[in-house]
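K.L.:
The residues making up each chain are set out below.
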Amino acid sequence: MGALGHFLEREGIATTGISLVREHTEKVRPPRALWVTFELGRPLGRPDDASFQRRVVKAALDLLAHTDGPLIADYPEHVTEEADFTGWACPISLAPTQVDSLGGEIDRLATWHDRAVAARGRTTVGVSGLDMPSAGALVDGALAGNLPPAQSLKEAIDDLKAYYLEAASAFPDAGTDRMRKEWFWSETRLGEVLLALQPKLAASDDPQHKILGNLTLIPAVERHRLAKR
Amino acid sequence: MVKRLDDLPEVEANHLRRVECPTYDDTPLLGGKPLAERRVAIISTAGLHRRGDRPFRPGDGSYRVIQAETPARELVMSHISVNFDRTGFQQDSNVVFPIDRLRELAADGAVGSMASVHYSFMGAFPPDAAKPHAQHLAGLLKADKVDAALLVPV
Chain A
159 MGALGHFLER EGIATTGISL VREHTEKVRP PRALWVTFEL GRPLGRPDDA SFQRRVVKAA
219 LDLLAHTDGP LIADYPEHVT EEADFTGWAC PISLAPTQVD SLGGEIDRLA TWHDRAVAAR
279 GRTTVGVSGL DMPSAGALVD GALAGNLPPA QSLKEAIDDL KAYYLEAASA FPDAGTDRMR
339 KEWFWSETRL GEVLLALQPK LAASDDPQHK ILGNLTLIPA VERHRLAKR
Chain B
3 MVKRLDDLPE VEANHLRRVE CPTYDDTPLL GGKPLAERRV AIISTAGLHR RGDRPFRPGD
63 GSYRVIQAET PARELVMSHI SVNFDRTGFQ QDSNVVFPID RLRELAADGA VGSMASVHYS
123 FMGAFPPDAA KPHAQHLAGL LKADKVDAAL LVPV
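Protein chains in written order, with the numbering used here: chain A, 159 to 387; chain B, 3 to 156.
Be careful, since some hints might not be right.
DSBU-like, lysine-lysine: derived pairs with alpha carbons at most 30 Å apart [to be verified]:
hint: 1; chain 1: B; residue 1: K35; chain 2: B; residue 2: K133
hint: 2; chain 1: A; residue 1: K386; chain 2: B; residue 2: K133
hint: 3; chain 1: A; residue 1: K358; chain 2: A; residue 2: K386
hint: 4; chain 1: A; residue 1: K216; chain 2: A; residue 2: K185
hint: 5; chain 1: B; residue 1: K133; chain 2: A; residue 2: K216
hint: 6; chain 1: A; residue 1: K368; chain 2: A; residue 2: K358
hint: 7; chain 1: A; residue 1: K216; chain 2: B; residue 2: K144
hint: 8; chain 1: B; residue 1: K133; chain 2: B; residue 2: K147
hint: 9; chain 1: B; residue 1: K133; chain 2: A; residue 2: K185
hint: 10; chain 1: A; residue 1: K368; chain 2: A; residue 2: K386
hint: 11; chain 1: A; residue 1: K216; chain 2: B; residue 2: K5
hint: 12; chain 1: B; residue 1: K133; chain 2: B; residue 2: K144
hint: 13; chain 1: B; residue 1: K147; chain 2: B; residue 2: K5
hint: 14; chain 1: B; residue 1: K144; chain 2: B; residue 2: K35
hint: 15; chain 1: B; residue 1: K133; chain 2: A; residue 2: K368
hint: 16; chain 1: B; residue 1: K144; chain 2: A; residue 2: K368
hint: 17; chain 1: A; residue 1: K386; chain 2: B; residue 2: K147
hint: 18; chain 1: A; residue 1: K185; chain 2: B; residue 2: K144
hint: 19; chain 1: A; residue 1: K386; chain 2: B; residue 2: K35
Don't read these hints as lab results, they were simulated from the structure.
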């Protein structure tokens, strides 16, 4: 991100930006950066909080007035984590023992995904161009040993993950984002399938499969689950 | 709350410590007009694009074009990394790509105007792969009379 600041400023476009990892920004030394303490993936801090987001954008843009730098300004507002409801359990029984196939699980979530789309007015599913049953079939086929090109598999998996997490947001007692991610990795058949797929991809002769298996399939914070298998 | 890397879970901190960062001998800083007279574009590195545009791939240093009037329901994310939250974006695209906030700031006069076109890279790019694209991008921004860019990571 900071590299773009160097490139564009040199080409005559003044730049300012948000920094999520202060240590990276301190190394790259872009012209101007507003360091925020928000979760990675949420550079504006809080979804559905326009006034909060507007304050962050304004604070970053106000740094344009500075020509003394490189400048890193610390943003004073923080986001407190959502309350953790101890004992929360997904009210919709989707545990792998409850459905006999990935396709069945995908089908069971369809109603909830429809509700999520109705509530939010949008979905972020749609990178792969596949419908969800077809994406599930591609992943099932990969687990059975028929590995498709890494890019196709990655796009299908990203769409499925978005579909699952969007659907879960519409559950009657949906819990927090953190709880729904825990649910995805510990309770869904898809989470189980992805963990089972990882060693197959890592062992492939195709370097793109290896990248997918080793880096871009299982989040770093979830990789401990691989060791427990 | 993310503070410094030392405050993060060890596995996440180690992942971020391994990210290679380019270094530069000096940092250019341009002066310019007050914010209320500037025309601002958003440049995201979240791997955003319109549904149907080419998804990003590993090593891809190019950008995708997002017209200012693009509805939020058209935006998808094909960043290759799995090490950041996507549920915020699923809930509200502005938490990643704050175009509605920029529009509001332009409407109330705090910002001069909003660019007619915005852009997204996919942040896991090697800087050398992005440099020619960024230089080309500077020309496109100037053609849209943009004189300031808001860089938003993910």
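K.L.:
Now tell me if each hint is right for this structure.
P.N.:
For each hint, the structure was consulted:
no., hint, result
1, B:K35 <-> B:K133, "holds, 26 Å"
2, A:K386 <-> B:K133, "violated, 42 Å"
3, A:K358 <-> A:K386, "holds, 16 Å"
4, A:K216 <-> A:K185, "holds, 25 Å"
5, B:K133 <-> A:K216, "holds, 27 Å"
6, A:K368 <-> A:K358, "holds, 9 Å"
7, A:K216 <-> B:K144, "holds, 22 Å"
8, B:K133 <-> B:K147, "holds, 21 Å"
9, B:K133 <-> A:K185, "holds, 18 Å"
10, A:K368 <-> A:K386, "holds, 21 Å"
11, A:K216 <-> B:K5, "holds, 21 Å"
12, B:K133 <-> B:K144, "holds, 17 Å"
13, B:K147 <-> B:K5, "violated, 37 Å"
14, B:K144 <-> B:K35, "holds, 15 Å"
15, B:K133 <-> A:K368, "holds, 27 Å"
16, B:K144 <-> A:K368, "violated, 41 Å"
17, A:K386 <-> B:K147, "violated, 56 Å"
18, A:K185 <-> B:K144, "holds, 28 Å"
19, A:K386 <-> B:K35, "violated, 58 Å"
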